Structure formats: C-alpha cells, structure tokens
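4 protein chains.
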Amino acid sequence: MKQVKPSRSFASDNNAGVHPQVMEALAAVNRGHVIAYGDDPYTARAVQKFREQFGKDTEVFFVFGGTGANVLGLKAATQSHHAIICAETAHINVDECGAPEKFTGCKLLSLSTPDGKLKTSQMGPLLHGVGFEHHVQPKVISISQATEMGTVYTPREVKSLSSFAHENGMLLHMDGARIANAAASLGVKLRTITKDAGVDILSFGGAKNGMMYGEAVVFFDKNLAGEFKYIRKQGTHLPSKMRFISAQFETLLSNELWRQNAEHANRMAQLMVNELARIPQVRITQNAEANGVFAELPKKYIPLLQKHYFFYVWNEETSEVRFMTSFDTTESDIQDFISLLKKTIK
Amino acid sequence: MKQVKPSRSFASDNNAGVHPQVMEALAAVNRGHVIAYGDDPYTARAVQKFREQFGKDTEVFFVFGGTGANVLGLKAATQSHHAIICAETAHINVDECGAPEKFTGCKLLSLSTPDGKLKTSQMGPLLHGVGFEHHVQPKVISISQATEMGTVYTPREVKSLSSFAHENGMLLHMDGARIANAAASLGVKLRTITKDAGVDILSFGGAKNGMMYGEAVVFFDKNLAGEFKYIRKQGTHLPSKMRFISAQFETLLSNELWRQNAEHANRMAQLMVNELARIPQVRITQNAEANGVFAELPKKYIPLLQKHYFFYVWNEETSEVRFMTSFDTTESDIQDFISLLKKTIK
Amino acid sequence: MKQVKPSRSFASDNNAGVHPQVMEALAAVNRGHVIAYGDDPYTARAVQKFREQFGKDTEVFFVFGGTGANVLGLKAATQSHHAIICAETAHINVDECGAPEKFTGCKLLSLSTPDGKLKTSQMGPLLHGVGFEHHVQPKVISISQATEMGTVYTPREVKSLSSFAHENGMLLHMDGARIANAAASLGVKLRTITKDAGVDILSFGGAKNGMMYGEAVVFFDKNLAGEFKYIRKQGTHLPSKMRFISAQFETLLSNELWRQNAEHANRMAQLMVNELARIPQVRITQNAEANGVFAELPKKYIPLLQKHYFFYVWNEETSEVRFMTSFDTTESDIQDFISLLKKTIK
Amino acid sequence: MKQVKPSRSFASDNNAGVHPQVMEALAAVNRGHVIAYGDDPYTARAVQKFREQFGKDTEVFFVFGGTGANVLGLKAATQSHHAIICAETAHINVDECGAPEKFTGCKLLSLSTPDGKLKTSQMGPLLHGVGFEHHVQPKVISISQATEMGTVYTPREVKSLSSFAHENGMLLHMDGARIANAAASLGVKLRTITKDAGVDILSFGGAKNGMMYGEAVVFFDKNLAGEFKYIRKQGTHLPSKMRFISAQFETLLSNELWRQNAEHANRMAQLMVNELARIPQVRITQNAEANGVFAELPKKYIPLLQKHYFFYVWNEETSEVRFMTSFDTTESDIQDFISLLKKTIK
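Chains A, B, C and D supply the protein sequences, listed in that same order. FYI, this note's numbering numbers position 17 of the first sequence as 17, with every residue one higher than the one before it. FYI, this note's numbering numbers position 221 of the second sequence as 221, with every residue one higher than the one before it. FYI, this note's numbering numbers position 70 of the third sequence as 70, with every residue one higher than the one before it. FYI, this note's numbering numbers position 107 of the fourth sequence as 107, with every residue one higher than the one before it.
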C-alpha cells in the first residue's frame, strides 16, 4: 500500500501553522521602530479589540505562551499557601511539568472527572480545612474551556462554578487555550462564557487557533491586575517586540476570524465523529463539542495508522486515542484518514 | 521647527523590526503540520547550524525570550543556596524584575564596574564564605557580551574569567543578548569568545539582531544540559510552534547574516561616536565597542531631542544618555539626528 | 455527672510534655559556652549515637521540627521538576500547608490507600510520563512509618518499595515522625526498617516520643548529604544553641529510651483497642499497630466525650475518630476514658 | 604558659546557655497534656505579655529561630517582585544563606554603611525604578536593632526611616535579634524603638538573650498579620509543643528579665571597651552601644588569643575582631581575657 505522508495530522491543533491573515499582519507591522515592551500603537489597538469583546474595564496582558499565561494568571490570584482546584486532566495539572507549583508555590487539588468538567458538588470535601493553618487554603478554581476532553462548559455551568467560588472566597480561573472553540461550539459571544459567567481571570489562547505564538492574560477585575505587569516581567513573559503579538491578536479579533477558525475546526471534528460512528470497531468516548475527538480503537490498528498520521494514544489501557482538528484541517484530510482506517480495519 | 517624527529611534535595538530574510523564512516554513515542541525538521536544521558554529557536542534549546534564556540557563547551573556573581549593571541584576532570584532562589552578588566588565581581581572577597553554611556559595560568574555599557570582553578577558571560575568550582555564564555585536566588533568567530574561551552556558540572542522573538540557551558541556528540557518546560519557555523560532535562527546563522546585521549596527554606532565627538558640549563616556553609545549631554537639551527621537537617559545625575543602533539604522538616521542635535545646541 | 478534666488527652502524641530524662539532659548541658550551630561536643556525641544505630557512614543533621525535616530532606533529593509520590493521607500531603511544594517546587503525586500504606502495584500509571518534558518526573517515594493511619510497614514492605524506587531511578524517603513506634511495634532495630530496608533519607522524629523539640534528617547515602548543610541553613532550620537538641537526642538514643517510650505508647494503644473492641457500638477501623487507634463511634456521643477528653474526628461522614497514646499515657487514663465512654453510651 | 580553657568565650551571645529562670520555666510547664501548636494557656499568657509591652492590638507569632522569624516576617510583607532594602552587613543579607531570597523570591538591595545603620539619605537612587516593571519594586526597609556592628538606632533614627518608608509606600521591618540590648542601651521601653517609632514588623529575639530557642514575629498592624498563621506553617515554623517557647517568653518578659540580661551584657561590653581602650596596640572601631565590641588588633596576636578564647575575626584585611558579651559574661571573664591579652602583647 503505497501512500504519501499527508501534510496534516490529527496530533494537535498546535501542529498546524499560522493562518494566512495572521502572517500578513506580521509583515504589515514590520515597519520602522516602535517602543518595545508594549508601549506601541499596535498593542493599544489589540487591547482595544479585547475591550470590544469583554468590556472596557478589561485588563489585558500579552505573553509568549499558554503555560506562561496560566501560571502567571494564577500567580496574580494566589499566595503560596493557597490551593488551586482543578480537574485531574487539566493542562495545569498534567502537562505543564509542575510549572504552577514551581512559580506560585501553591498545591493543586485535582478532582476526578469523567468528561474533564468540574462540578460544584465535588468540592465540599476540599473546603474542610478552610481556616486551619495545617492545610492549604483553596483560593482558585481553574477550569479549561474547551476542556482537555473535548467537552465544553455551558454558560450556566460556568456561572455555577463562579458563584460557588465567589461564595467561598475563591476566584474562577479559565484556561482558555481553546476558548474560541468553546464559544464557537455554543454559538455565543466570548464574553458570555467568561466575563458574563463570572470568570475572574482568563488565559486567552492564540496559538491553537491560527496564531504563531502569543496568549493573553485577561482580568475582568482591575484590582486583580494591579501588580500583573511586574508578575509578567518577573515571570519572564514580557516580549520585547510586542507589536508582533499584538498584530496577531488584532487580526484574530477582527471580522470574527477567531470564530471562523474555531467553527471550521469544530466542524471538522464533527465530520470525524460522524464518520467514525459508522465504523463498528470504533467507539466514541466523549461528546466532541469542540475540536477534539476521543475514541477507542482496536489496539492493533493504532501503530498501522500512526505510520501515516500522527495522533496521540490518550489511554494505553483502553486504547483510547485523541484526534484534534484545527483551522486548516480539510474535509479531504478527514476522508483520507477514514479511508485509511477502513482499509486498515478490513 | 517643523519636523516629521523619524521612523527609527535610538532607544534600543529591540525597537527595530524584523530583518526581511527572517520574515521570509517565517513564511517559508508555514506549510502543513509538523510535530509541536521542537520535534520537527526545521528545528533539527537550526540546531545543526548552532553545532556548525560551536561544535558538535553543543546542546541547544530555543526559548521565547532573553530573560527566560538567562534565568533558565542559570537554573540549570545552580541550587538555591548558590550565588551568581555579576556586574552591578548586568541585565540579570537590574532589568529582569528579580526573575533570577525568583526562579533560581539564588542571591546575586553584584560588583561595581566602570565599564560593565567584571575582572577576576574583584572577586576575592566574594569567596571568603566558601564552605560556610551561613553564606551563599558562589557558583556562577555571569557576564554580558557585549556588556550593557557597550563594551566588549576580549577572548583573553573571557578566558581569564572562565579559568578563575573553573579553578574555584564555578561556571561561567554569558548573557549573549548581543553576542553577535561582540563577535563582529572583535572580528572573531562566535566560538572564539564563548566555547573556546571557556564559557559554559550561553544565552544566544536573536531579537536584538533582527529576529522577531526567540533566544537560545546553549550548553557547551552536555552534562549541564541533562535536565534542561524539564527546566525549560517548567520554566514556561517551551514554544509549541517551535518551527517558527527555528526558522529564524537558521536564517540568522546562514550566510553570516548574524554578522552582517551586527557589523552594520556597530558601524552605525561608530558613526554616531565620530559625529558626537566633534560636538564640544558632548562627552563620550564609554568605549563604543558594539552598538551602544554612551554620552553626557547638557541636561536641558535632552527633552528637546526626545521630542523627535526616543532614547534613554542612563544616569539622571550626570545627564548621561544611551544611543543604541540596530541592524536597520541608516547613515541618514545618524546624520539627521546629529543635525537636530547641532541645531538644538546652537 | 461531676468530673474533673483529666490532665492527659488522646488528641495527639505531641500534646504530651517532655520525658523527665530528657528534661534532665537539657539542664545538664546548660553549663558555660559552647560554639553555636553544632560544632560542640554534645552534638558530636549525639551524632555518634545515631551512627551506632544506623552505621558509621550515616550523616545526621538536627533541625527544629518535623515539617522542616521532611521538607528539607526532600529538597536534598529533588529538583523542582521532580515529583514526590506519597499516600493521600501523608503528613506531607495534607498537614504541612503546602510546605513541600513551596520549598522544593515539586508536585506531590498522591495515591489513595485504605490503610495509609503505599504499594508498588499502584505506581505504574505514575511512571507513564517518565522522560517526557511535559510531565513532572517522579523522583522520590515518600512513606510514613508508622503511617498516619496507625499502621506499620514491615521490613519486607519497605524493602519492596525501596527496590521499586531504585529500579526506577527514584529514592525512598521515610517520614519517621513515629519511627520509634514502628520499630517497637515490629520488635526490630531502627536500622532494620530504614537503612537495611533501603531507605535513603529519614526524618527521625523526636517531639512525638518525649522530646521537647528537634528532629533529625538522616542520610544513609553520604552523597545525598553533600550540600545539606546549606539546605538546612537556607531552610531556616539551623539551630544556634544546637547542644539542647543534641542532648535530647543523646538521651533518647541511650539505654533504648526511644524504645521504652514507644513500646509504652503502643501498649496503651493496644489496651485502648482491647477495651473499645468490647463495646458493641464501637467499630475499630484500622489495625492499631503503633500508637494510634481509629474507630467509628455513634456521632451523637462524640461531643459529650470531647467535653472531657480532647481527640480528633478523623472523618466527619463516617464519624470515625482518632485516639493517640503517648509515652506518658497511663492505664488509668485509658480506663477512665473507657468508663466515661460506657457511661455515655448507656 | 599553662592555662585552663575558660568556660565562656566572646564568640557570640548564642554560645551562651540558658538563663536559670528560663530553665525553671521549662520544667514548670512540663505537666500533663495541652493542645499542640499554640492553642494552650501558656501561649495565651505569653502573648499577653507581649501585648503589655507593645499594645493590645499587637499580633504575635512564635517561631523556632531567628532566620525563620526574619524570613517569614518579610514574606508577610512582600510579593516576589518586591525588593527589600537593607545594610550590606545585615544578617538577612550575609548570614542567612540566601534564605530571604529563596523563601520570598525578592531581591535584597543592600547599602554600604560604616556603622551598620541605614540612613534615608542613601535611598533615593533605589527608588528610581519605582513603577517600571523591569525593576524590582522596593517594598520593605529592614534594619537590625541593635545592628550587626554593635551600634543602636535612636528612636528618632528609627522614626525617620519608618516615615520615609511609609511616605514611599514601603514598610519598616526590624530584625530585633538583639532588640533587648538596644532598648537597654537607650534606657527606653521596647515599644519606644519599635511600635512607637513606626516599625511595622519586628523579629523579637529570644535565643541571644537567655532563651534556649524561640523567636517572635510581632506585627503592629493587624492587617499585615492576617495570613501569617499560614505563612508560619508553610514556612515550617509552627512548633508542635509550643508551650515550651511560650513559657520562655513569658519568663523573659516578666519582671524585666529581658532588660536585666541585656543590661548586663551591655555593661560587660562597656567594661571590655574600657579595658581595651587602655591598650595602645588596640583600636576600637565601632561605638559599642550594645553587647558587641569591634576592635583592631595586631594580626599576629589573634591566633595566640584564640587558643584560649573563641572569637571571630570580622575583617581579615584590617585584622578587626568582634567580641560579643552575653547575659552570663562575668567581670572576671573580661579581666582574665584582658590579662591574657596584655601578657600576649607584651
């Protein structure tokens, strides 16, 4: 079976390149000198775009990457004796090499979730030690939107968590590496599932939705942002040539490019789900509400498929795999993969 | 005096944009999917370029920015009870908002230097506490090449510091944010003032020499690099779309673009010095060996000049200012500024 | 029911005072001046006592308290990107207010255990991420001996864990706040369940076995101890008037006072268990192998008992309580409490 | 010259033992069980003693040792991007193995002082970077009272520093390891040079004034103390058998024992100064305002004297030595030493 290696995989949305409009924007701002570190007109315009989305009191800080955005946002909300509640599957818990603990000093209290979504009903036991100095003090609930399991919190679910957090003296942090996919999935505005649902701090993702690099830490409460410029610099995430991140964000937030990219990726995931669902040997394991598809395949086929397409095995024991789609996934990418899968299984 | 704001300032080499060849390289690698986090062919090629410069045993890790490169490189060399010796003017000492202390836990022991260059003769007193647990233990000497004062260590000076370091159980770290300017100034290979002069860890700068973003942490001793991949990830500096940093470095290290850019910037600094030297009210205060020019001007003229050109006052008391040139500074930029200066002083 | 408040409770073995021989030792060394920070003859003698127990290659460092001993011992074994595996109920996990995370930067990976004892069979999934920089790297298994649930690891169980640790490039740390109770329970030497069973680092408890203050960090591998004097000082645990800790340890390790104290406490726990077992409304929930007794009581009786005796409710949901005995618990303390319990229940 | 080694040296006030009244207090509270961690009547009484000295709004927390007291008090006042201003000779700067940097993450900005005393006139340059994110932000001025050079700040000098601190949005921290010696020297109440002079946070020393172990972190502003119980526990300085620290402090603060001890030590230092002043080969180098005496001796005599008396060489280059007196130094200790000195010099 002779086959050319395809140019797009399903490994992750960060295996994709950069959206052409974003690339154009980078070239467009590459003229002359501007003041470094964000005191430039491009950054002012990009911040304005964020305020159009989230309200004029929003404070926005650009950083290089997603782990930085999460860690520094959490630092702004905590002291080292605090705890951060998150799902066991959360990126901050399993995919950041302990960066949150290292930089904030906090303990992460993780909860088991079948679908990657925290529920307030799980949190009672974590509050038993409040006020007792022997125990870390829960201060932040951190959720991922969309989750690492490809699911999406509804506005009501986010609101429920933020209310619980606020009633218990805590804050709600959202890892929005895929916030665009979530808003696109729900067909709502970005602010509906963030500011309007009570989120306090948001990591707004860029790289997984067509940018080259750059994420934003967004504060809906100005007080929380008061010292953040120092936290960002001390946290080694103050870009010198800031304009090049700003230009990307301005592009993404103009003409709803963020939504177009995300909707496309989500649609491709749906197509994948629909095709997989017709194959009896495959079992879909999560609701594919964003751009991730989780499915169990007979173990023996996985290495055969991986010869041609790169994707991750999520759970070795159950032979569950993950397929991620991205802004540049095409229908024929899906169809070609499905063909290969069918041929392989037959 | 009607005057159009010029498009290039002398504030800093990071106020410049991106070199056209670098921009082209970014577009060129923007095709299809590649594995994230550095396991891609572009990164392999860029690493190869570094090994051509520094020897095949060199270990290279790309990170987002310069403060990150310094801090993480120092982390790889220290435990928290160690001390890092540096010049009072060092970037790690005054311009990183305490990031080295925060991330490594170490104390910085800073030494006063007239020209930004450390000398072994200053270090004796810092070694008095070696072996005594009440005192931090010096473990790293960190120097900047070129220095923050626009001067350049000769290979012999670097060698002297590395020998001293090694004889005393220490390592030599080099903040090479402007390593290209130093090598260009001396007319030597990059390895002559780094590996061959006994440097152990190098922050290799990209952004100040025509790149958009990206720095490299370079280890000349493989053992030091052993755990660095974890330090980089925990340090929030593992870029997901790594290919775009790699492509920039590959370009910079091809056809000696790094040297062309640096030589040009250095030459512009020389031109500036030559012009300033003819103006009696101006006193040059440092040897402009790289791309920075330090000079004292009568205080009253500074705000008048700053209306048109952005540059920094280095020392309020002595009204010393700093002019930085960059790869894109033109001769007419210098001449225009000198004209303005002359008109202002007259 | 008129009743005098008893002078001893079952809240914890650290609610007890100081053993008379220890108090005498403190007075005995209170003569003249000696060099501070441990360079004194009393400390040399105490260290010698440890070497008699654990072998002459043992390195011993005294610190003020138990949390300090744990945290600093773990610091000596880890870098910040490492992970420490422990039981969910471990003191380091739930009772140290996040001190291990704060000081080491490491993540704790906790495992659920019915009896507070880790098993090698649980650890497979924690090793999946070894070698991948996105994940913390397991470096230490930390166990408590006796456990927080009043159980004791056999020498064979400890050996099994140390072998697993060493085979996987990890170390075995033991929180021995109640190491004496464990050795007394098993009727073995201290070294049988530590050095000889492959433990690498031991927190050797003093305060819970009749000392006023002071714990020891014991290294069975000299290499691990190499930098510990700096870690202790930077960790704020280098006592100036060290002789007063040393004198206590010398006393505890002379004439097997440590074992007498621990055996007595264990025996009192057995007596408590035997008495409780005869009361039908009480259910013993753990094997009381050391000096802690866990039992479920009808909820309504608990506050009535707590009017007279201080003890902790371990699990609100199941109304499980914990009774700790100590070196100074008397048989009549137990009998008086049992009488009250019977009267209360009737 | 046959000579018996004397039982008291001049090395440090922490080479002394424990005051007899303190030792008695330890024995007196060693009865029965009390709740651990400070919720006991002895601790309540000791705190009350502090409030009698410093006012009823004072918040007091006992910790094991002096470095812990300093570091944790500073942690309560800072975020990691802050800076702490101190004298170059400050204990926190040179004698704590970098513990302040490690635990707070802050940079220490040290100032050169001839006599160990900071002056507001030195601080201007340190404030140049306020508001700029590239630079650490000064938040605390930390002074030692008495200083490490044996000098004492007057109430007016302390007030001047606290006013400067507060006017610039900073706090004043006092390392009072020898606060008793300072108050005794000035003949004032403890509160005169602390709370009433605008100090915000005080490390109140015990071990250098006759206690076995134990220091207090004292907050004059309740708000600063709000989270300190967690900081203390996470900082590994919550003693389990707290009553034994409390009993010592209660004794020290009863019947002005603290002042008697300190006055005696100070008087012995004066005697030493008076005797040394008569010896032409000796030059007193600091005003001996507390219990430390600094003097230059001909270098060759130092090892001869150190055969009999342990004391520290403070400055190798100038052969300056330090003699510390303590609560138990006797007149004949001084006279014997002076005799030896005279014999040695002759």
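Don't read these hints as lab results, they were simulated from the structure. It cannot be assumed that every hint is accurate.
What the hints assert, rightly or not - Listed next, the in silico EDC-like pairs over lysine to aspartate or glutamate satisfying Cα-Cα at most 16 Å (straight line): (1) K299(A) - E331(A); (2) K229(C) - D39(D); (3) K229(D) - D95(C); (4) K229(D) - E133(A); (5) K49(D) - E256(D).
Bear in mind that the values here come from a model prediction, so they are computed numbers and not experimental data.
Here is how each hint holds up against the structure:
no. : hint              : in the structure
1   : K299(A) - E331(A) : violated (26 Å)
2   : K229(C) - D39(D)  : violated (33 Å)
3   : K229(D) - D95(C)  : holds (14 Å)
4   : K229(D) - E133(A) : holds (6 Å)
5   : K49(D) - E256(D)  : holds (11 Å)
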